[in-house]
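Taking the hints as your guide, dock the two standalone chains into a single complex.
Here the protein sequences come in this chain order: A and B.
Position one of the first sequence corresponds to residue 1 (this note's numbering), numbered consecutively onward.
Position one of the second sequence corresponds to residue 1 (this note's numbering), numbered consecutively onward.
Since the hints were made in silico from the structure, they are not lab data.
Each hint should be verified, as a subset may be incorrect.
Covered stretches of chain B (in silico footprint by chain A; criterion: 3 or more residues with CB under 8 Å from a CB of chain A, positions within the stretch not fixed) [stated by the list, open to error]:
| no. | region |
| --- | --- |
| 1 | 8–15 |
| 2 | 37–43 |
| 3 | 50–59 |
Heads up, incomplete: computed chain B residues facing chain A, CB under 8 Å, no partners named [said to hold, decoys possible]:
| no. | residue |
| --- | --- |
| 4 | CYS2 |
| 5 | THR3 |
| 6 | ASP46 |
| 7 | SER63 |
For each label pair, taking beta carbons as the anchor points, the in silico distance ranges come out as [stated by the list, open to error]:
| no. | chain 1 | residue 1 | chain 2 | residue 2 | range |
| --- | --- | --- | --- | --- | --- |
| 8 | A | GLU197 | B | ASP19 | 50 to 56 Å |
| 9 | B | ARG73 | A | ASN77 | 43 to 49 Å |
| 10 | B | GLN26 | A | GLU197 | 51 to 57 Å |
| 11 | B | ALA50 | A | ASN115 | 33 to 39 Å |
| 12 | B | ALA78 | A | GLY19 | 51 to 57 Å |
| 13 | B | GLU62 | A | ALA248 | 46 to 52 Å |
| 14 | A | THR154 | B | LEU61 | 21 to 27 Å |
The structure displayed is predicted, hence computed values, not measured ones.
Think of the CB as a built atom: it goes at the ideal place given N, C-alpha and C, for glycine as much as any other residue.
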Amino acid sequence: MTFYRGMTCENVTIKGDGGTPMSAYAARPEGRGPFPGVVLIHHAPGWDELYIEFTRRFAHNGYFAVSHNLYERAPGNSPDDAAARVRAEGGISDAQMVGDTAGAVAWLRAQPQSNGKVGVIGSCSGGRHALVYASTRSDVDACADLWGGRVVMTREELNAKTPIPPIDMTNNLSCPLLGIFGNDDRAPSPEQVNAHEVALQQHSKVYEFYRYDGAGHGFFYWNRPIYRVEQTNDGWAKIFAFFGKHLA
Amino acid sequence: MCTSIVEIIRAEGMAQRGDDWFTLAQAVVTYDHARHAPLEDVITLDFVDAGSARAGVELTLESARALRAALDRAIAAAEFEEAEVRGKGAVKKAA
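Extracted from the complex, chain B is given alone in its bound form (with noise of 0.2 Å):
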């Protein structure tokens, strides 16, 4: 299959790619046949820099939507954390 479907988002962070760390400009999803898991259609992320540095991953339909699943959990945690209401009666309420 050769899609067009591409999604870019503005990234800041860093990521590493063997021994190095890079300062993250974007974060890239594509949904296109597999470069190299062995698999046929993947989810696809790379994280680049402004430059060339780039950390890619290739996941399966089922493990993008697990890995949204858990970033979604982690990310209600978190802000539940920062809202610094933990300790004070707060329910956190389900992801």
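Bound conformation, chain A alone (with noise of 0.2 Å):
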């Protein structure tokens, strides 16, 4: 009996912003599908082992999942170091972000076994990157923000790499919309979360919000304290039904 599917991951190199050559991890289910994409946004910490497992998860549910390396321009010798590069310069622009992603998302459905469809996932930086990019291209047919902060943002906390507060685009969202928030996280906070939801109803948006107590930023991840077994099962399967219903 089969009862977990194989699957074939492999290091794949993506036309990033500006046509850059960019690293990615790919990760499909053993069969000819089609399968449906899921591109993931890695957090602030780096394109680090937690969200190639992420990759890998996506594709033993079914996806054909790619998470490229947004910081593929820093120097340094390992994600770690990249991500403490890009922290000191203030992060990564939205707008490379966008055009990094796309190159994802083109990657994605240029692959055979691509059914069409496409999602895209983030958490913490990637849950406000995987936002702002469903805010300004149309070219995903779901979003998934796990956690993301800054999406309400005050005048001083915007520059020329953030220069619009995500929340302010939310009649530009293209594609229905999951948020997955610890009540006991500072950034976002609850009253924020709020906020996003209200700007959500006001621009009669397709979204489902899903709040936990006893949580708090980064509750997924299971080699941190801050993980939180009920609330993360929890959590994934609410991905994978979202997931499941508009990228069949």
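Take a look at the structure:
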């Protein structure tokens, strides 16, 4: 009995913003497909092993998944060092992230196993990035934001790299949105999550928000003390139900 | 917590990573969720060169405060030495 499906994982090179060659990790289930696609946008700690694991998790659940290295341009001996450099530079620009992610979306759509649908997901800064992407372009079919901070931004937080608060882009959100948040988080705070939800309602957007008690920022990260097992298990179930509905 | 709390200073000196020493260009101080330490939010110190070398530290807020106090004490003592007044009747001020 074949209960667990095999998968193929490989490093690939995609075309990032401005045609820049960019490393990405791709995982697809065994078989010819067609499979729905998911682009994973890594978190502020960088293109780390956790995201590679998440990518395989999607393949295990029937998705053709790809995670690209948004910190490819930063000097560093490891994803960790690159993340520290990017952090010191105030992060990457939203415009560059959109260009890089568009390359990952296009790469997925061009694969012969693609079913033509692509979702985007990220956590932490990647959650914000996923939301910015889906609010800037209209080539994804579903978006999942996991505890993305700085969706609501003060005027002082705006700069050349992040010129528009994502909440102000709500009218342009081009696909259904899933939001997963910990009520003990301070960025995004429960108040900011509520404000975002009000904006989604005002613009009649399709969304699902799930708020978890007893959980803070990054509660899916099994290798961190912030891990919360019950909330994480439920959160993953919500993610697969959401993508199952919108990417089939 | 996803913060944008970052402080950067130009740093002169050297740092060690493994067996190699590298020349510092910057020291970066942040407050955000820990990447490695089994802690939630931490003060992070990154000492970096102009290229790709880095020595990083993650500290609890309490440890960071103690480090700041230790730096203040050591700097006060160093300034006393630098002023070349030791042994000339000068009284060292408390940090």
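Hints versus structure:
no. : hint                           : result
1   : 8–15                           : violated (count 1)
2   : 37–43                          : holds (count 3)
3   : 50–59                          : holds (count 5)
4   : CYS2                           : holds (3 Å)
5   : THR3                           : holds (6 Å)
6   : ASP46                          : holds (5 Å)
7   : SER63                          : violated (16 Å)
8   : A:GLU197 - B:ASP19: 50 to 56 Å : holds (53 Å)
9   : B:ARG73 - A:ASN77: 43 to 49 Å  : violated (34 Å)
10  : B:GLN26 - A:GLU197: 51 to 57 Å : violated (40 Å)
11  : B:ALA50 - A:ASN115: 33 to 39 Å : violated (47 Å)
12  : B:ALA78 - A:GLY19: 51 to 57 Å  : holds (52 Å)
13  : B:GLU62 - A:ALA248: 46 to 52 Å : holds (50 Å)
14  : A:THR154 - B:LEU61: 21 to 27 Å : holds (23 Å)
Of the numbered hints listed earlier, those contradicted by the structure are 1, 7, 9, 10 and 11.
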